[in-house]
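2 protein chains.
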Amino acid sequence: MNIQTKRRLVDIAVSTRVRLARNLKSKPFPNRADEEALKSVCKDVSEAIFESNSYIAEEFKFIDMNAIGDSEKERLMAAHLISPNLALRSHGAAVMVNKNEQISILVNEEDHIRIQCILPGLALEDAFETANKIDDLIESSVEYAFDDEWGYLTACPTNLGTGARMSVMLHLPALTLTNNIDKMLHTVTRCGLTIRGIYGEGTESMGDLYQISNQKSLGVKEEEILLSVKSVARGIIKREREVREDLVEKNDIAIQDKIMRAYGTLLYAQKIEAKEAMHLLSVAKLGVDMDLLPEANIETIDKVIGNIYPSLLRYAKGIPDEANIVDIRRAEYIRRMLRKNDCGMQEVK
Amino acid sequence: MNIQTKRRLVDIAVSTRVRLARNLKSKPFPNRADEEALKSVCKDVSEAIFESNSYIAEEFKFIDMNAIGDSEKERLMAAHLISPNLALRSHGAAVMVNKNEQISILVNEEDHIRIQCILPGLALEDAFETANKIDDLIESSVEYAFDDEWGYLTACPTNLGTGARMSVMLHLPALTLTNNIDKMLHTVTRCGLTIRGIYGEGTESMGDLYQISNQKSLGVKEEEILLSVKSVARGIIKREREVREDLVEKNDIAIQDKIMRAYGTLLYAQKIEAKEAMHLLSVAKLGVDMDLLPEANIETIDKVIGNIYPSLLRYAKGIPDEANIVDIRRAEYIRRMLRKNDCGMQEVK
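Sequence order for the protein chains is A and B. So the first sequence is numbered by our numbering: it starts at 32 and just counts up by one. So the second sequence is numbered by our numbering: it starts at 32 and just counts up by one.
Incorrect hints may appear among the rest.
Derived PhoX-like pairs: lysine-lysine, alpha-carbon spacing no greater than 25 Å straight-line [to be verified]:
id, chain 1, residue 1, chain 2, residue 2
1, B, K92, B, K164
2, B, K92, B, K74
3, A, K164, A, K130
4, B, K70, B, K92
5, B, K74, A, K371
6, B, K58, B, K74
7, B, K281, A, K302
8, A, K306, B, K289
9, A, K214, A, K269
10, B, K289, A, K302
11, A, K164, A, K58
12, B, K306, B, K247
13, B, K261, B, K164
14, A, K306, A, K247
15, B, K74, B, K214
16, A, K289, B, K306
17, A, K289, B, K371
18, B, K58, A, K371
19, B, K334, B, K306
20, A, K371, A, K302
21, A, K289, B, K289
22, A, K289, B, K302
23, A, K58, A, K74
24, B, K302, B, K334
25, B, K302, A, K281
26, A, K289, A, K306
27, B, K334, B, K130
FYI, nobody ran anything at the bench for these hints, they're computed from the structure.
Construct all of the structure, not just a fragment, from the sequences and the given hints.
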C-alpha cells in the first residue's frame with residue numbers, strides 16, 4: 032500500500048445543522064401577519080430568551096434585520112446564521128445569535144421561530160441536544176401552535192410534525208471528480224433523504240459541498256430522523272474516503288494535473304467568481320488530502336472558503352456587478368491568503 | 032500616457048528565413064530518382080561545399096539522415112534546420128548544417144538542393160545575402176537546372192522562377208487576444224503573401240506565431256519579393272505594437288486575468304500538450320511586455336518555447352502517446368525552467 036503514514040487527512044463531514052421550526056399559538060404565520068403582529072412575535076421570543084433566568088440569556092444578542100447594513104447581512108448569510116429570506120424582510124424580522132455563532136434563532140422568517148444549531152464535523156446528537164435546550168427554554172414562556180394529530184404546525188406542510196430538519200454538509204471532491212456523485216445522490220434520495228446546495232433550498236452545489244437532510248418530518252420521531260441522516264452520511268463518508276485512497280494508490284496523473292492546475296489558478300487569477308473559486312478550493316483540499324500540496328495549509332483554505340461566499344444579497348436583489356469589483360477583490364484575497372503560507376509564514380505547531 | 036519607461040518590450044519579429052530551391056541539370060527530381068541517382072546528388076552537393084577553397088567548407092558538417100536517430104531528427108526539426116519530409120526519407124537524404132546552425136543545405140528533400148538561412152529578428156537582407164553566397168559557391172561546381180524563360184526549375188511549379196521563399200515569423204498575441212488576427216491575415220493574403228504555421232506548409236499556428244511569406248516566385252525578382260515581405264511584416268509589427276500599447280493603457284482586468292492564469296498554469300501543470308504550452312507561453316510573453324510578470328525572464332521563456340516542440344516525428348509516423356510521457360516531461364521541464372527564475376536565480380545584469 033502506498034498510503035503514507037504522515038498524510039494529513041482532510042475532513043469529509045464539514046458541519047452538522049439541526050433546525051426546529053416553531054410557531055406561536057393564535058398568531059398568523061409571518062407571511063400573513065401585519066407589522067404589529069410581527070413585532071409582537073419578536074417581543075415574545077426575545078423575552079423568552081433574555082428574561083429567562085438561564086445562563087443562555089447572557090450568551091445571545093438580538094439583531095433586528097432593519098438595524099444592520101447589507102455587508103453584515105452578507106456575513107450572517109455566509110455563516111449560515113440567517114437565510115436570504117430573512118435578510119430580505121423589510122420589517123419585524125430578527126435573529127438572535129449566541130457568542131460562538133453556533134446557535135441562531137430566526138424570528139419571522141417563514142415560521143415565527145426557527146431554532147438552528149450548526150456544529151463542525153458530524154455531530155448530530157450534540158446539535159440536536161443544543162437546539163432542544165433552546166426549544167425548551169422558549170416553550171417555558173410561550174405557547175406553541177401544536178396539534179395532537181399533526182404535531183408542530185408550520186407555514187409549509189413539509190415541516191409539519193417534528194418541525195425538525197437535520198442536515199450534514201459533506202465535502203465530496205473525489206466522488207465528484209471520478210463521476211460517482213450522481214450514483215451517490217440517487218442512493219440518498221432512495222433512502223428518503225434529500226440533497227441541497229450549501230445555501231439551502233433551491234441553491235446549487237458549490238465546491239463539491241452537498242447537504243444531506245431528512246425529507247419528511249411528519250410521522251417520524253426526532254430520534255429516527257437523526258439515526259437515518261447519520262447512517263446515510265456515514266455511508267457516503269466511507270465511500271468518499273475509499274475513492275480518495277484509490278486515487279492516492281493509482282497515482283493518476285490526470286487527477287494530479289487537475290489538482291495542481293487548480294492551485295496554480297488560485298495563486299494567479301486576477302478575478303474569480305465564487306462558484307469557480309469554491310470549485311478550485313475544493314479540488315485543492317483534495318490535493319492536501321492526497322499529499323500533493325505540502326505547501327498548502329488546510330486551515331487557511333477552510334478560512335478562505337468561509338470568506339469568499341458569493342454576494343447572496345446582491346444576487347437576491349438582482350444587482351449586477353459589471354465592473355467585476357467583487358470578483359477582483361475575491362481573487363486578491365485568495366492570492367494573499369494562499370501565498371502567505373507559501374512564504375513559510377505558517378504557524379509552527 | 033501610462034507607458035512606463037522601464038518596460039521590457041518583447042520582440043514581435045521572432046526570426047527571418049530565406050530559402051532557395053535548386054536542382055541539378057540532367058538528374059531526375061528526388062521523388063523520381065532511384066537510390067543511385069540520389070547518392071550521386073548527395074556526392075555532388077557535398078563536394079561543392081567541402082572541396083571548395085572557401086572558408087565555408089570549414090563551417091559545415093554533413094549529416095546523413097540514415098545515420099542519425101529519431102531524437103536528433105526531432106531536434107533538427109524543432110530548430111527548423113530540416114523538414115519533416117526530409118526526416119522521413121529512408122535513403123539518399125542529407126543535410127549540411129553550419130556551426131551556429133543558421134544555415135542548412137537540405138539535399139534530396141522535394142528538390143535536390145534547398146539552401147536555407149534563418150536569422151533572429153527581422154533580417155531579410157542579411158539572410159538573403161547569406162543564402163546567395165552559398166548558392167554561388169555550389170553553382171561554381173555544379174550545373175543547375177535553369178531555363179531562360181522559366182528560371183530555376185523545381186519539383187513543384189509554385190517554386191519555379193527565383194526558387195526563393197522569404198519568410199518572417201511574427202509573434203502576434205495581442206492581435207490574437209483582441210480578435211484582430213483574422214482581419215490581419217486577410218490583409219496579408221490580399222498583398223499576395225501567404226501565412227503558414229510554424230512548422231511549415233500545412234501546419235497550424237501555435238503560440239500565436241505566424242509565418243508570413245511570398246506566394247509566388249515566378250515573374251518577380253528576388254529584390255521585389257524581399258521588399259514586399261519586409262513592408263507587410265513591418266506593417267503587422269506596427270499594428271501588434273499599437274494593440275499592445277492600447278492594452279497597457281486600458282489596464283483591462285480580463286486580459287490581465289488571462290495572462291496571470293496562463294502563467295499560474297505553466298507553473299503548476301503536471302502534463303501539458305505542446306499546443307497548449309505554446310499558447311500559454313505566448314500569453315506569458317505578452318505579460319512580460321505589458322509589465323505584469325516582473326518575476327518572469329523573457330530569455331528563459333524563449334528558450335522553453337524552443338525546446339517544447341511537439342514530437343513531430345512521432346506524429347508523422349502516427350505513434351500515439353497513450354501514457355502521456357511526453358506531456359508529463361514537457362510539464363516538468365516548463366515548471367523547472369520557470370521556477371528557477373522565481374527563486375531569484377536570474378542572472379544579475
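Each hint, compared with the structure:
1. K92(B) / K164(B): Holds: K92(B) and K164(B) sit about 17 Å apart, inside 25 Å.
2. K92(B) / K74(B): 14 Å, holds
3. K164(A) / K130(A): 16 Å, holds
4. K70(B) / K92(B): Answer holds: K70(B) to K92(B) is near 17 Å, not above 25 Å.
5. K74(B) / K371(A): 66 Å, violated
6. K58(B) / K74(B): Holds: K58(B) and K74(B) sit about 13 Å apart, inside 25 Å.
7. K281(B) / K302(A): This hinted pair holds, its Cα atoms lying about 16 Å apart.
8. K306(A) / K289(B): Holds: K306(A) and K289(B) sit about 18 Å apart, inside 25 Å.
9. K214(A) / K269(A): 15 Å, holds
10. K289(B) / K302(A): Between K289(B) and K302(A) the Cα gap is close to 9 Å, so the pair holds against 25 Å.
11. K164(A) / K58(A): This hinted pair holds, its Cα atoms lying about 23 Å apart.
12. K306(B) / K247(B): 30 Å, violated
13. K261(B) / K164(B): 21 Å, holds
14. K306(A) / K247(A): Distance ~30 Å between K306(A) and K247(A) Cα, so the pair is violated.
15. K74(B) / K214(B): 48 Å, violated
16. K289(A) / K306(B): 18 Å, holds
17. K289(A) / K371(B): 23 Å, holds
18. K58(B) / K371(A): Outside the cut-off at roughly 71 Å; violated.
19. K334(B) / K306(B): Between K334(B) and K306(B) the Cα gap is close to 16 Å, so the pair holds against 25 Å.
20. K371(A) / K302(A): Satisfied, since the Cα-Cα distance of roughly 19 Å is no more than 25 Å.
21. K289(A) / K289(B): At roughly 18 Å apart (the allowed maximum being 25 Å), K289(B) and K289(A) satisfy the hint.
22. K289(A) / K302(B): Since the Cα atoms of K289(A) and K302(B) sit roughly 9 Å apart, the hinted pair holds (cutoff 25 Å).
23. K58(A) / K74(A): 13 Å, holds
24. K302(B) / K334(B): Within the cut-off at roughly 19 Å; holds.
25. K302(B) / K281(A): It holds: about 16 Å lies between the C-alpha atoms, which stays within 25 Å.
26. K289(A) / K306(A): Since the Cα atoms of K289(A) and K306(A) sit roughly 17 Å apart, the hinted pair holds (cutoff 25 Å).
27. K334(B) / K130(B): 19 Å, holds
Of the hints listed earlier, those the structure fails to meet are numbers 5, 12, 14, 15, 18, in rising order.
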